[in-house]
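Colleague: Each chain, written out:
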Amino acid sequence: MTDKMQHDPAMPLPNGSPRPEGEFERLKATWEPPRGISFVTVVNNTYVGLFYIGTAFLFFVLAGILAMIMRTQLAAPQGTLVSQETYNQLFTMHGTVMMFLFAVPAVEALGVYLLPNMQAARDLPFPRLSAYAFWAYFFGGLAFFCTIFVGLAPDAGWFIYPPLSSSEYSPGINIDFWLLGIGFIEISAIAGAIEIIVGVLKTRAPGMSLDKMPVYSWAMLVFAGLIVFAFPAIILGTALLELERAFGWPFFIAEKGGSPLLWQHLFWFFGHPEVYIIFLPAAGMVSMIVPTIAQAPLVAYRLVVLAIIATGFISFGVWVHHMFTTGIPQLSLSFFSAASMAVSVPSGIQVFAWIATMASGRVRLTTPALFIIGFLFIFTLGGLTGVMVGMVPFDWQAHDTYFIVAHFHYVLIGGMVFPLFAAFYYWIPQASRTRLSERVGRWVFGLMFAGVNITFFPMHITGLIGMPRRVYTYPAGFGWDALNFVSTLGAFIIAAGVALFIFDLLRRFRAGEGNAGNVWGGGTLEWLPSGNYANRSIPRVTTRYPLWEQPGLADDVAAGRFYLPDNPTGGRETIVTSPLHAEPQYVVQMPGPSWATLLAAFFTAAFFLLLTVKLVTPALACGVIAVAMVLWWLWDTDPGPTHPPVDIGGGIRLPVYATGPVSHAWWAMVVLMLVGGTLFACLLFSYVFLWVTNPSFWPAADALPPIGWPVLAAAFYAASSIAIATASRLLGRGPGRSVAAFNLVLFAAMPLLIAAFTTDLWAHWQTGLRAPKSGYAAAVYMIVGLQGFYTGVLSIMLAYTLARSLTGRLNAVRRSTFDNTMLLWHFGVAQGLAGLAIVTLFPRLVGSG
Amino acid sequence: MAPWLRFPVKFLYLVSGLVIWATHFLLVYGLNGVACARRFSGTAGWENDVVPAAVLAATAVAIVINGVILIAAVLGRGPGIGAEPDASVRNFWQVTTALLAGLSIVAVAWTGLPALMIGPCA
Numbered sequence: 001m002t003d004k005m006q007h008d009p010a011m012p013l014p015n016g017s018p019r020p021e022g023e024f025e026r027l028k029a030t031w032e033p034p035r036g037i038s039f040v041t042v043v044n045n046t047y048v049g050l051f052y053i054g055t056a057f058l059f060f061v062l063a064g065i066l067a068m069i070m071r072t073q074l075a076a077p078q079g080t081l082v083s084q085e086t087y088n089q090l091f092t093m094h095g096t097v098m099m100f101l102f103a104v105p106a107v108e109a110l111g112v113y114l115l116p117n118m119q120a121a122r123d124l125p126f127p128r129l130s131a132y133a134f135w136a137y138f139f140g141g142l143a144f145f146c147t148i149f150v151g152l153a154p155d156a157g158w159f160i161y162p163p164l165s166s167s168e169y170s171p172g173i174n175i176d177f178w179l180l181g182i183g184f185i186e187i188s189a190i191a192g193a194i195e196i197i198v199g200v201l202k203t204r205a206p207g208m209s210l211d212k213m214p215v216y217s218w219a220m221l222v223f224a225g226l227i228v229f230a231f232p233a234i235i236l237g238t239a240l241l242e243l244e245r246a247f248g249w250p251f252f253i254a255e256k257g258g259s260p261l262l263w264q265h266l267f268w269f270f271g272h273p274e275v276y277i278i279f280l281p282a283a284g285m286v287s288m289i290v291p292t293i294a295q296a297p298l299v300a301y302r303l304v305v306l307a308i309i310a311t312g313f314i315s316f317g318v319w320v321h322h323m324f325t326t327g328i329p330q331l332s333l334s335f336f337s338a339a340s341m342a343v344s345v346p347s348g349i350q351v352f353a354w355i356a357t358m359a360s361g362r363v364r365l366t367t368p369a370l371f372i373i374g375f376l377f378i379f380t381l382g383g384l385t386g387v388m389v390g391m392v393p394f395d396w397q398a399h400d401t402y403f404i405v406a407h408f409h410y411v412l413i414g415g416m417v418f419p420l421f422a423a424f425y426y427w428i429p430q431a432s433r434t435r436l437s438e439r440v441g442r443w444v445f446g447l448m449f450a451g452v453n454i455t456f457f458p459m460h461i462t463g464l465i466g467m468p469r470r471v472y473t474y475p476a477g478f479g480w481d482a483l484n485f486v487s488t489l490g491a492f493i494i495a496a497g498v499a500l501f502i503f504d505l506l507r508r509f510r511a512g513e514g515n516a517g518n519v520w521g522g523g524t525l526e527w528l529p530s531g532n533y534a535n536r537s538i539p540r541v542t543t544r545y546p547l548w549e550q551p552g553l554a555d556d557v558a559a560g561r562f563y564l565p566d567n568p569t570g571g572r573e574t575i576v577t578s579p580l581h582a583e584p585q586y587v588v589q590m591p592g593p594s595w596a597t598l599l600a601a602f603f604t605a606a607f608f609l610l611l612t613v614k615l616v617t618p619a620l621a622c623g624v625i626a627v628a629m630v631l632w633w634l635w636d637t638d639p640g641p642t643h644p645p646v647d648i649g650g651g652i653r654l655p656v657y658a659t660g661p662v663s664h665a666w667w668a669m670v671v672l673m674l675v676g677g678t679l680f681a682c683l684l685f686s687y688v689f690l691w692v693t694n695p696s697f698w699p700a701a702d703a704l705p706p707i708g709w710p711v712l713a714a715a716f717y718a719a720s721s722i723a724i725a726t727a728s729r730l731l732g733r734g735p736g737r738s739v740a741a742f743n744l745v746l747f748a749a750m751p752l753l754i755a756a757f758t759t760d761l762w763a764h765w766q767t768g769l770r771a772p773k774s775g776y777a778a779a780v781y782m783i784v785g786l787q788g789f790y791t792g793v794l795s796i797m798l799a800y801t802l803a804r805s806l807t808g809r810l811n812a813v814r815r816s817t818f819d820n821t822m823l824l825w826h827f828g829v830a831q832g833l834a835g836l837a838i839v840t841l842f843p844r845l846v847g848s849g
Numbered sequence: 850m851a852p853w854l855r856f857p858v859k860f861l862y863l864v865s866g867l868v869i870w871a872t873h874f875l876l877v878y879g880l881n882g883v884a885c886a887r888r889f890s891g892t893a894g895w896e897n898d899v900v901p902a903a904v905l906a907a908t909a910v911a912i913v914i915n916g917v918i919l920i921a922a923v924l925g926r927g928p929g930i931g932a933e934p935d936a937s938v939r940n941f942w943q944v945t946t947a948l949l950a951g952l953s954i955v956a957v958a959w960t961g962l963p964a965l966m967i968g969p970c971a
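So the protein sequences, as listed, match chains A and S. For the first sequence, the positions run 1 to 849 when the working numbering is used. For the second sequence, the positions run 850 to 971 when the working numbering is used.
These are computed hints drawn from the structure, not numbers from a lab. Remember, predicted model here, so these are calculated numbers, not experimental data. Think of the CB as a built atom: it goes at the ideal place given N, C-alpha and C, for glycine as much as any other residue. Misleading hints may appear alongside valid ones.
Listed next, the stretches of chain A that the computed footprint assigns to chain S, with coverage defined by at least 3 CB atoms under 8 Å from CB atoms of chain S [what the hints assert, rightly or not]: (1) 340-349; (2) 686-697.
To give an idea of the interface, some chain S residues facing chain A are shown, with a C-beta separation under 8 Å as derived from the structure [to be verified]: (3) 853; (4) 858; (5) 859; (6) 862; (7) 867; (8) 881; (9) 882; (10) 938; (11) 956; (12) 967; (13) 969; (14) 970.
The following block holds chain S by itself, in its conformation from the complex:
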């Protein structure tokens, strides 16, 4: 890896849990917004079946990805962590990456849960 790329790549890995949260958030909000505004070419009611299922599927996928990031960070895997020569920097990176992924799991789950209870275009 080019030296100047080390920091951006490591930093992106550190916040990857939150990036997953943001992606999931924009996806489900965008999907619901467009589905309700456009009714998918006028097929009324279609969104009531598709949107909750899509939101829950996206939520499950995001939680799984965040879980993988969390486990990888705990095991010391991931861009630059294993090769980090300074133990205190390595430890900081591992713990922070894992905890951010953990927090993101909670945030993603909270975002997705309403799809079980509330109709998309109510």
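Bound conformation, chain A alone:
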């Protein structure tokens, strides 16, 4: 039914007009944000997206101010503006804030704002999750930044390498602020990534098959995938380092069987994809803006999509190019050097596609166009020096000099900041009733373009003549004086450009109902007439540029002639579509504003920050409250089939509830499992890595727990999974005596899982193995501890599921909560069994070191 509907553009419109009286008013009222103090509980992507972007920009300005202080300090030799200690905090916070509090949140924020508009969805599928991600970042980020005012900011560089960051050499709590303070940002980023992946795959306009999907959606899909596979490495790394600092588990202490190099592997396995996490969304933005400024479709759409996917993959093969000077064998370095060259191929493809698109149309030199041209120039230069430092012999010379500072600022400012400013100028008319000034915009561009080149180009030379990074001052007479002065001058020119942008923004940006309209003549769906409810009706898409190639589309959408022009269930809804062809599958009932989301975010941030200052009891209390708030917010998000199937137009009737693989919640759980699986893989890598580097700490077979213990633990794991599977069958039988049996069997799964974990833990404990003794012991207890974490989470989920069953909110049809718990349960059990197998068999296979 739906296939034919999508591929036949000649079909009549799904709904007639005029629409029934009061329909539009009801739709509008449903999506209205709350008023008064409750406004902070708003979850609409248009508001949360703007809060998010605004906060990220605030951090850009704050981190920029830190940079200005550093540049002033370095303007002349023997500068005395700040002390060495303060300077260490300044460069650490500048890098950390720019990367974690500005760059990633900014591109994620723009995704939250733009994706539903670009895909003609009414919102992203988990609006409360977006709000939670934002508020956790907001509260935690501001508190984290404030550490600079009290001398508690981290001070070991944004990558905080041990042993410098170990408790021995950094005994204060500055490093803990980095390790735990980054925790909520990681949670926020992963929450956003789940939202974006499910949003891109499951909430596109009918007919928007993958080959018609905007490049921006492709870029955000790969971006979110990178977060899913890269962030677990840093989550694990920060957890290991914090455990070492707090409890003496020696993961990174060589003399106890750890390895400081392990930190570098974990950090850069996250850190280099991080560059593409920032760049790919920017590439997506550029791919949307360039066709509009040229008024021509993007040249080589398929090649650009290919380049985005390839970049995402290959970015995971370059992490060691940050470690060329650590003594890794040269052949290994060559593998990474080759991957560093290979990743430049897809980047080149994109650059040529954008240039070709501009050449194929008539470029109007508006402010967004200027920023795009500036991006091409600066990013290409950064890419070229990237190829230089990707070559091992050159990197050995340039490593830790200002040449590297110049290189990555060209890449990051060119590859992310300029596209972001282009995006601001391009999409502000979509969010504001007034566009920004073109005249001022040209000045902003001119100042920023000149400033960036004046600041960072001389740094190439400063670096080549030997100036090292991260020095708070330098003596006169090395030939660095004039170059540093010019760099400082350039930094102030950039600041002037940013200040002018803020001035124009404050003068002209007016958010709220209505916008400036399609001022650039864009061809994609975000330029449809829209309001808090997104579009009046959800269009059928037959091309990549619907507003250019589907005549009358905007009028038909605004008149409610397409799908779902009303809200038949009386609440917030959008259409969930299939991932490949975007066939309508069901209408999802979406949750509205909630205090629970805001409070959950606040207490999550409080948990991490209180833990940092060693207030363990209040921290645990906040953690418990945060979990309770999450459960409160979830309580009304599995409403079940409250309504019979609804007519969305065109003779299509859709159910209003789904569970299992069709459901958006199921997809979110699968993505979460990918995060968990990656984290576990990183942990196994760490375990094996410590064996490779420090085998003498590995025990002989007779020092290991007798084989009976892991066998018993495995039996408990298997039994708990069997209990869950049995409960699933009982739930499917419907009401009657099987409900009591379901509750009983479901409950039985919990003690079985707990028994599996405690058996595993006891098996190691009774051999006398203690985590602080060696890297091996710490790694073993980390594997067991991770399983303990899963046991805790799954127990809470099971108790929650049981509570829903006992209150009549779970049955054979309304079972999404149970299905998701079951999915994660089986995953947790599989991981537990894998952990048991590795810890039991690996030392027996390799023998004592």
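Since the structure of chain A is provided, determine the placement of chain S on it from the hints.
Modeller: Structure of chain S alone, referenced to chain A:
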């Protein structure tokens, strides 16, 4: 094939070239790292013969597999491609799968080539 499996299987096929690249990359890096760190039970020099040969063999195998994927995609073979009813989706899938496999051949070859020139544990 179950309906919900269509997308994951098709997507995996689309990126199969890159999956081969990643597998090859991890294999050769892991092998070289372990060989140099552990010297295979202390037999010094053994890795100088075995590692380059293993890297080149893995490279050849990865290139052949990617070549097969490339040809299959060009011919319209592979999970779901032939049965795809929408011509534009089919074409998109075919071309992208083939080009990703082609790019992966280049990346795999670049990764493997240093084994001809550089000693494994230098």
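Colleague: Would you check whether residue 858 of chain S satisfies its interface hint, that is, whether its CB is within less than 8 Å of any CB in chain A?
Modeller: Since the shortest Cβ distance to chain A is 11 Å, the answer is violated.
Colleague: So is the region 686-697 of chain A in contact with chain S by the C-beta rule, three or more residues under 8 Å, or is the coverage claim wrong?
Modeller: holds (count 3)
Colleague: Are residue 938 of chain S and chain A close enough, Cβ to Cβ, to be under 8 Å, as the hint says?
Modeller: holds (5 Å)
Colleague: Checking hints one by one. Is residue 882 of chain S an interface residue toward chain A, by the C-beta closer than 8 Å rule?
Modeller: This hint holds: residue 882 of chain S lies near chain A, its Cβ roughly 6 Å from the closest one there, short of 8 Å.
Colleague: Min Cβ distance, residue 956 of chain S to chain A: is it shorter than 8 Å?
Modeller: holds (4 Å)
Colleague: For the hint on residue 967 of chain S, just tell me whether its beta-carbon gets within less than 8 Å of chain A.
Modeller: holds (5 Å)
Colleague: Hey, does the residue 867 of chain S contact hint survive, CB to chain A under 8 Å?
Modeller: holds (4 Å)
Colleague: If you take the shortest Cβ to Cβ gap from residue 862 of chain S to chain A, is it below 8 Å?
Modeller: violated (12 Å)
Colleague: Interface hint check: residue 970 of chain S, Cβ to nearest Cβ on chain A, cutoff 8 Å. Holds or violated?
Modeller: holds (5 Å)
Colleague: Double-check residue 881 of chain S for me: the hint is only fine if its C-beta lies closer than 8 Å to a C-beta in chain A.
Modeller: holds (5 Å)
Colleague: When I compare C-beta atoms, does the region 340-349 of chain A have three or more residues closer than 8 Å to chain S?
Modeller: It holds: at least three residues are needed, and the region 340-349 of chain A offers 4 whose Cβ sits within less than 8 Å of chain S.
Colleague: Does residue 853 of chain S pass the interface check with chain A, least Cβ-Cβ distance below 8 Å?
Modeller: holds (3 Å)
Hint check: violations occur at hints 4, 6; the rest are consistent with the structure.
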